[in-house]
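Peer 1: Sequence:
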Amino acid sequence: MHTNITHRTRVREAQFDSFVDQERGLDDWDQIYRQLSPGEFKGTIESLKWDKITLYRETVNQRMENLYRVPDGYICIGFSRGNWLVMAGQPNAFGAGSGIIHVAGEEYHIITDRHADYVMLTLPQDCLPEEIVSGTRPVSSHESHGIAEWMLTLIESARRGIAQQAVLDLAPDLLLDRVSLWAQEATQQKSQTSARGLMADIFTACDQLPFDKLSVSHLAKLLDRDRTALRAACLERTGITLDVFLKGRRLSEVHRRLRLSDTRTTRVSDVSMEFGYYHWGRFSQSYRAMFGECPSDTLRRAPPSAH
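Take the sequence shown: its position 147, counted from the start at 1, is 147 in full-length UniProt numbering, and no numbers get skipped.
Just to be clear, a hint being listed does not mean it is correct.
In the DSS-like style, the derived pairs of lysine-lysine whose C-alpha atoms are separated by at most 25 Å in a straight line are [to be verified]:
#1 Lys221 / Lys247
#2 Lys247 / Lys213
#3 Lys247 / Lys42
In short, the hints are calculated from the structure, not lab data.
Turn these sequences into a full structure, and let the hints steer you where they fit.
Peer 2: Below, the structure written as structure tokens:
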């Protein structure tokens, strides 16, 4: 479920109590969220839009897995303002103030800590020079030169109604100027492509295994790797144990199925069996501990609506 909040300004704000709703909250993005930490989900998306240019701020309170693609023909420059996040294929975690240049046609896969907070600018890729939009690259907090704080100030002043209309009208040009100058400087520093690590292999293997075999033992067998090595890689890269990661992934898909199902034709017990939960009591207890509600409560919710 989500709640839209209408301001007297140009900022649109939506509040969410399900990750299945929030993954649909960014215009034309293709996303899948999975909740990895127990507790009630809370998230928000604020957006400030000028024609084809949109400035977003997104917050999520739980530890999450996120697979996403930016809209075709667009580029996204996003910065983390909250705790760390890990991206598959990148050697280091991204801390507060660091960012990523995202390009169309690429699939991104990240793990975020609790209390994630992002500020993101999406714009048509033909607005920027070709050398900027040619590929994905990380941006350190040192390289960003405060642009994340500047974008946040813009959206927050607009939300609170203290931004002058003249500033809002000029904002697209100001954003393009700042991003172009900054990005040209940033791309002068040669980007190094890192080898895909063991955690990236774990992500891929998880997609290949049926849900009832989503376990450390089956991953080790599929990847022909020692279970200790897999556990160590997950803990180092995500900050959580591999067992917790797999449990969150599996339960999140149950939540998604229930959230998108018709109460008239769906039984919770059938869904739990489909995902390999053969003991109803343990399943119900685990589900409630993760999401703060019973599986039947999720099924009875109104289906997600378009934002």
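Peer 1: Hints first: check each against the structure and report whether it holds.
Peer 2: Status of the hints after comparison with the structure:
1. A hinted pair counts as satisfied when its Cα atoms are at most 25 Å apart, and Lys221 with Lys247 qualifies at roughly 18 Å.
2. Using a Cα cut-off of 25 Å, the hinted pair Lys247 and Lys213 holds, with the two alpha carbons roughly 11 Å apart.
3. A distance of roughly 20 Å separates the Cα atoms of Lys247 and Lys42; the hinted pair therefore holds under the 25 Å criterion.
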